[in-house]
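There are 2 protein chains.
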Amino acid sequence: MLPIRSYALRRMPTAAVLSIGDELVLGQVSERNGGWLSAELLKLGLMVSEHRTVADDRLAISSALRELASRAALIVVTGGLGPTDDDLSREALADALGTELEEDGRALQNLLDLYRRRGRPMPAMNRKQALRPKCAKCIDNPHGTAPGVAARLGESEVFLLPGPPNEMRPMFHDVVAPAVLVITARAGGLQLATASVHSCGLSESAAAELIRPLMERGGNPLVGTTASGAVVTARIRAMGAAATDGALERAVQEVQRAWAPYAFGRDGLTLPAAMGEVLRRERAMLAVAESCSGGGVGALITTVPGSSRWFAGGFITYSNELKRDLCGVPSAMLAEHGAVSEEVARALAQGAAERCNCRFGLSITGVAGPDGGSAEKPVGLVWIGLCDRVSSGAPPNTKARCFQLLGDRETVRERTARVGLQWVRLAALGMGDVPLLWERPTQGVRA
Amino acid sequence: MLPIRSYALRRMPTAAVLSIGDELVLGQVSERNGGWLSAELLKLGLMVSEHRTVADDRLAISSALRELASRAALIVVTGGLGPTDDDLSREALADALGTELEEDGRALQNLLDLYRRRGRPMPAMNRKQALRPKCAKCIDNPHGTAPGVAARLGESEVFLLPGPPNEMRPMFHDVVAPAVLVITARAGGLQLATASVHSCGLSESAAAELIRPLMERGGNPLVGTTASGAVVTARIRAMGAAATDGALERAVQEVQRAWAPYAFGRDGLTLPAAMGEVLRRERAMLAVAESCSGGGVGALITTVPGSSRWFAGGFITYSNELKRDLCGVPSAMLAEHGAVSEEVARALAQGAAERCNCRFGLSITGVAGPDGGSAEKPVGLVWIGLCDRVSSGAPPNTKARCFQLLGDRETVRERTARVGLQWVRLAALGMGDVPLLWERPTQGVRA
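Protein chains in written order, with our numbering: chain A, 768 to 1214; chain B, 768 to 1214.
Bound-form chain A, shown alone:
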């Protein structure tokens, strides 16, 4: 991909992301804000040209700020705004600006109010969080104690944001995003537009093959694929005229057509939200019975606000006793076929649907590992069951499918949950028999 280089050639403004923390440079905690900020800035039409992570070191932070200010129109800094001695982002920004820190009255008041609402006195050490460099502004933080800081360093707009994503992200949307629009407007308006299309159930190579013509080098719009767990996403980027003349939208539609019915949504839409949309339209309720996923499917579903309109709940049947007592799986069936089997997956799905009085029942039972695998049922083998009580009168239509997943325990569990949701989505669309990635020929197991 050449867009960043061509950006430099066109002298378009770029952004830099600076993450602060010993635990990050030491590899004790993995840095998560940089990728999110890059993607959000890209959506706003501003390209990130550099990420940097430095230690809680006042000199290292101020040098990085000076170096980045020489080439970036925007610098977003995360971390180092806490109350302890090793939180030094405020001090380092003051050094880079060649000024002093002073206390911000409004920020102090916000801190005192926050602790009053929490019903306890503000610890003395938190008072330093109300400091900001002279000639800088504090940014309110409705979600935590650390206010943000905004300042102009040379030609560059600098924002200090808190490290915790739940505090950083809202502050980005409230304060940084509007500043980005000003920067891109100065550069002649939106130069860049991006969109993404998400699929589940295709391999990345199969998905890429289906849209190969769109992926040619140097194309504009330019399309690339990325795979994350069970979801393959097409990332579409249009520059210059193509960003505004509808070419982007046409590319989105081409990808959606090529990936149907696996394409479940675009941009910010998640798989559980997309599945929920279909269930809501069908006025269908879903229940789950989870063994190896241990509640992860329900947790994924309920990331969607308002999911109670189409999700009732269900059972975590981690032990065989609970498979029997909660979902009515016969002991003889468990003894004969084992908990990881087509029969038990079907019984769990039907038990969940019937006992929760829902149209759909989804069950997961498998060998997540690292232990418990065998020659016949290796680690990563998962049975997913789906019961569809088309109408409360008709007999339930219950199927189970066998999947062989690769990866560690958490990878197996996360991928299983997403494959299960895609199956429910397709079934609610009347396409429950479409083949899905990682499915294993069942005779391989029956043998």
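Treat each hint with caution, since some may be false.
To be verified - Only part of the chain A face toward chain B is listed, based on derived beta-carbon distances under 8 Å: (1) V796; (2) V815; (3) G991; (4) A1066; (5) I1068; (6) T1070; (7) P1137; (8) W1205.
To be verified - Here are some chain A residues the structure puts well away from chain B; computed CB gaps all over 10 Å: (9) D871; (10) R919; (11) L920; (12) P937; (13) R953; (14) R979; (15) Q1020; (16) E1021; (17) R1024; (18) V1064; (19) I1083; (20) M1100; (21) G1174.
To be verified - Simulated DEER-style distance windows between Cβ atoms: (22) A:A1027 with B:A806: 37 to 45 Å; (23) B:V949 with A:H940: 46 to 54 Å; (24) A:H940 with B:R873: 52 to 60 Å; (25) A:G1139 with B:R833: 46 to 54 Å; (26) B:A1008 with A:E1143: 40 to 48 Å; (27) A:M1198 with B:G872: 54 to 62 Å; (28) B:S797 with A:L948: 21 to 29 Å; (29) A:A1161 with B:A973: 57 to 65 Å; (30) A:R799 with B:C902: 36 to 44 Å; (31) A:V1157 with B:A973: 50 to 58 Å; (32) B:P945 with A:D1175: 23 to 31 Å; (33) A:A954 with B:G1105: 46 to 54 Å; (34) A:R953 with B:A973: 45 to 53 Å; (35) A:A891 with B:S797: 33 to 41 Å.
Hints listed in this document are in silico derivations from the structure and should not be mistaken for laboratory results.
Just so you know, even glycine gets a beta-carbon here, dropped at the ideal spot from N, CA and C.
Since the structure of chain A is already known, use the hints to place chain B on it.
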């Protein structure tokens, strides 16, 4: 935390990591090599002071190399060694060295042999992978086409490694690790050892206050805190003699003493695993009934391999009907007090323990948001119930506690789950009444 700064003061050698790739700075693919390299270098006694990620841009890469060479004894570069036009790490290193590229006969022969073994001719574009700066050395790559490159830039040892972890990691162990030993030996041998202690239920300020003497600037061993969700971790680092004379272990024990009973483990031990250890020792089984957490508590518990020894499963009672039908919560109670109430939290916990035939029943019911809040029950208000059927004979001992959490839906759910697990752990240790962070005076709700 100051060790990295004190490293600089002591003129101890440090390392820098440079990752190359448009897809990384654009946030389309998350950078994974940096954290791994930092942790490996730390094990070898060399501290990483900076990570950088830059685009596939020859000038950006060479400038980064020059800047880093001015302060790091070792620079590990990953990516940009492929055969395509946008793979520019070799060219950029030559620029930084002020020299030209030349073809390496041995590297070319390895490439030709590799393709012969693969039974197809070498594509013309791959020949550039045999190029290296004059005065640099190529490093054999047994796992792929891209040879590595080693060179000395100023006072700094530079290694260009391939981006794919399965090619990068073996090359690091074969070639970079021995070079690190030479660097640390020059500086007087192993300089560094680290450990961490984890707690849950204390605020970061309160936790820091309890170990303030250990956190003094410039101390050795040196202790700093980081907060992630509901878990506060003390990161302890010992340098020089303190790394080997037992001082690190004494510091670990001091933190554990100061944080008791909130300290649940050290180093790699997670909260669910620590809770499970206690349940296993007590021969106690746990069941859950989850409303707003939707299965997230069970999912967190079952991240622990072998958790079936102390976790049976339970209920996802997202709808009121399932609270009634699955856990026996009386409709009148739901009508009178609402689903988010002390009474319902207690009934859910007791229903889970009894119907799953476990000693402990843990329930979660709250307002996760973003909608559904009220003046009396704002977003973030969560009731956690805990039933302890001390002996199947004795009447169950069931309590519920009210917490007020800050943050978005996912933050509220994640923190609630961890607070719940810590309460179970403490209860199994006979300390179920210890105060926990974010607890809200209940009369505030009753009023």
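Going down the list of hints, with the structure as the test:
no. : hint                             : result
1   : V796                             : holds (7 Å)
2   : V815                             : holds (5 Å)
3   : G991                             : holds (7 Å)
4   : A1066                            : holds (4 Å)
5   : I1068                            : holds (7 Å)
6   : T1070                            : holds (7 Å)
7   : P1137                            : holds (6 Å)
8   : W1205                            : violated (20 Å)
9   : D871                             : holds (20 Å)
10  : R919                             : holds (23 Å)
11  : L920                             : holds (18 Å)
12  : P937                             : violated (8 Å)
13  : R953                             : holds (22 Å)
14  : R979                             : holds (17 Å)
15  : Q1020                            : holds (21 Å)
16  : E1021                            : holds (19 Å)
17  : R1024                            : holds (23 Å)
18  : V1064                            : violated (7 Å)
19  : I1083                            : violated (4 Å)
20  : M1100                            : holds (18 Å)
21  : G1174                            : holds (14 Å)
22  : A:A1027 with B:A806: 37 to 45 Å  : holds (43 Å)
23  : B:V949 with A:H940: 46 to 54 Å   : holds (49 Å)
24  : A:H940 with B:R873: 52 to 60 Å   : holds (54 Å)
25  : A:G1139 with B:R833: 46 to 54 Å  : holds (53 Å)
26  : B:A1008 with A:E1143: 40 to 48 Å : violated (56 Å)
27  : A:M1198 with B:G872: 54 to 62 Å  : holds (57 Å)
28  : B:S797 with A:L948: 21 to 29 Å   : holds (26 Å)
29  : A:A1161 with B:A973: 57 to 65 Å  : holds (59 Å)
30  : A:R799 with B:C902: 36 to 44 Å   : holds (39 Å)
31  : A:V1157 with B:A973: 50 to 58 Å  : holds (56 Å)
32  : B:P945 with A:D1175: 23 to 31 Å  : holds (30 Å)
33  : A:A954 with B:G1105: 46 to 54 Å  : holds (53 Å)
34  : A:R953 with B:A973: 45 to 53 Å   : holds (46 Å)
35  : A:A891 with B:S797: 33 to 41 Å   : holds (38 Å)
Against the hints set out earlier in the document, violations occur for numbers 8, 12, 18, 19 and 26.
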